[in-house]
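Student: The task is simple: from the sequences and hints, build the whole structure.
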Amino acid sequence: MTRKTVLNDSHRALGARMVDFGGWDMPLNYGSQIDEHHVVRRDAGMFDVSHMTVVDLHGARTREFLRHLLANSIDKLKKPGKALYSCLLNERGGVIDDLIVYFLAEDFFRVIVNAATRDKDLAWFNQQAKAYAVDVRERADLAMIAVQGPNARDKVLGLLSAATREAAAKIGKFVAAEGDGLFIARTGYTGEDGFEIIVPERDAVALWDRLRAAGVAPCGLGARDTLRLEAGMNLYGQDMDETVSPWEANLGWTVALDPGRDFIGRAALEQQQADGVARVMVGLVMDDKGVLRHGQRVATPLGDGEILSGSFAPTLGKSIAFARVPAGAYDGLQVDIRGRLVPVRLVKYPFVRDGRSQLEG
Amino acid sequence: MQEIPGDLKFNKSHEWARVEDAGTVTVGISDHAQGALGDLVYVELPSVGDTVKAGNACAVVESVKAASDIYAPVSGEVIAINEALTDKPETINEDAYGDGWLFVIKPDNLADELEELLDPDAYAELIEGDES
Chain A
24 MTRKTVLNDS HRALGARMVD FGGWDMPLNY GSQIDEHHVV RRDAGMFDVS
74 HMTVVDLHGA RTREFLRHLL ANSIDKLKKP GKALYSCLLN ERGGVIDDLI
124 VYFLAEDFFR VIVNAATRDK DLAWFNQQAK AYAVDVRERA DLAMIAVQGP
174 NARDKVLGLL SAATREAAAK IGKFVAAEGD GLFIARTGYT GEDGFEIIVP
224 ERDAVALWDR LRAAGVAPCG LGARDTLRLE AGMNLYGQDM DETVSPWEAN
274 LGWTVALDPG RDFIGRAALE QQQADGVARV MVGLVMDDKG VLRHGQRVAT
324 PLGDGEILSG SFAPTLGKSI AFARVPAGAY DGLQVDIRGR LVPVRLVKYP
374 FVRDGRSQLE G
Chain B
296 MQEIPGDLKF NKSHEWARVE DAGTVTVGIS DHAQGALGDL VYVELPSVGD
346 TVKAGNACAV VESVKAASDI YAPVSGEVIA INEALTDKPE TINEDAYGDG
396 WLFVIKPDNL ADELEELLDP DAYAELIEGD ES
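Going down the list, the protein sequences come from chains A and B. If you count the first sequence from 1, you need to add 23 to reach the numbering used here. If you count the second sequence from 1, you need to add 295 to reach the numbering used here.
Treat the hints as calculated values from the structure; they're not laboratory data. You can take every hint at face value.
Here are the in silico distance ranges between beta carbons for each label pair:
id, chain 1, residue 1, chain 2, residue 2, range
1, B, E298, A, P223, 42 to 50 Å
2, A, E383, B, D390, 28 to 36 Å
3, A, R162, B, S342, 55 to 63 Å
4, B, D394, A, G38, 22 to 30 Å
5, B, D394, A, L37, 22 to 30 Å
6, A, G45, B, E378, 38 to 46 Å
7, A, Q261, B, T346, 34 to 42 Å
No farther apart than 30 Å at their CA atoms in a straight line, the calculated lysine-lysine pairs in the BS3-like style are these:
id, chain 1, residue 1, chain 2, residue 2
8, A, K178, A, K196
9, A, K101, A, K196
10, A, K153, A, K102
11, A, K312, B, K307
12, B, K401, A, K312
13, A, K312, B, K348
C-beta atoms are modelled at their ideal positions from N, C-alpha and C, and glycine is treated no differently.
Tutor: See the structure below:
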């Protein structure tokens, strides 16, 4: 059965084109996804991301539990409110999911995982948490709105009480503050500054309406996808899954091989590192007309690879993609588009940073 | 949703065909189709002089979301293509039944093939189920 967020009626009233996303009925766009993309790069847009799963972890041994569960090191989080991006790995080093975890108190951490992976993530948490007596509590009573863009923070701050505004205005990137019944984190999935706001479901529609009145444009999942791809951010299920390790998904920067920490998947990752990784994830840009898309074959002198996330990049006016290719295949790459081999360039990403193309110079 | 002009015929695959006074056939995609595809970013048209066959793929339109084959509604020779779409594919989103036309065919067997196409009412009925 298709699930609906508390904002479903709001989306429909705005004329959104709805689509099934991981079992949820979500807005793809409200008219033009390219216009929505540009408004986030240039001003401020908002996304209903209430389909994502918020899980609260309680218990005296929660930090110890996360030390074992996550490939990144939870001990990087020293101050309450601080957030960390990490992979959740299986014993083979494959990625079960990627997530953000917030340190709120020594006996209370909050994790946000993907919608499509909810069931297996909860099952995994519950299975692993038993040994640490950690209570795993899904917060289905919470909605989430991401407000993103160069003017996003100012527009949000203008809606807050004086005390909450002061707290939210001073948080750095990847930090959360609480106030006015809101959990306000300076995080996002667009490459722009902004907040992701967790709000009780009963208050979500009112917050959405106040944001609209403040000039924040509703944006759909279509724009969210092109924004995150330009920003060089992975999408679970497309860029990595349980058959892919962080080394093969360009997520090595999120793996902390700190001495003496025995996290799930560590032995497999170290073995892969010692053996050498056969496949790597790279960024591609196509100067010819056309669009790179998921599943297209990438022909290289060292053998075939494939396009992972691929799309038209509105900020760049051309197509970009992530691809997984044989390690060392950096020249002479071509993509098979409906039987035609089209040359592509391997580039460093993010493709766009702070609203600007990173492709030139 | 834009009203469907009465002088058009349709493929079930959402192409429209308009028989012009000169007996040529102008081809495009329906307003419903452009809405479903979303923002168009690339159009691959046949070449002038190409022979196309009714029901065969002869062009591609790509939106941010998806690539979609365009099937010729009638058989014949391509005698004109809408080159303005190369730089402005979004014209199809803005005016699917007008400036967003794709190409013009000089038909071989118009009378018979026209019979196979849907009239505006039948097409409206076909897409009714898709409207949200």
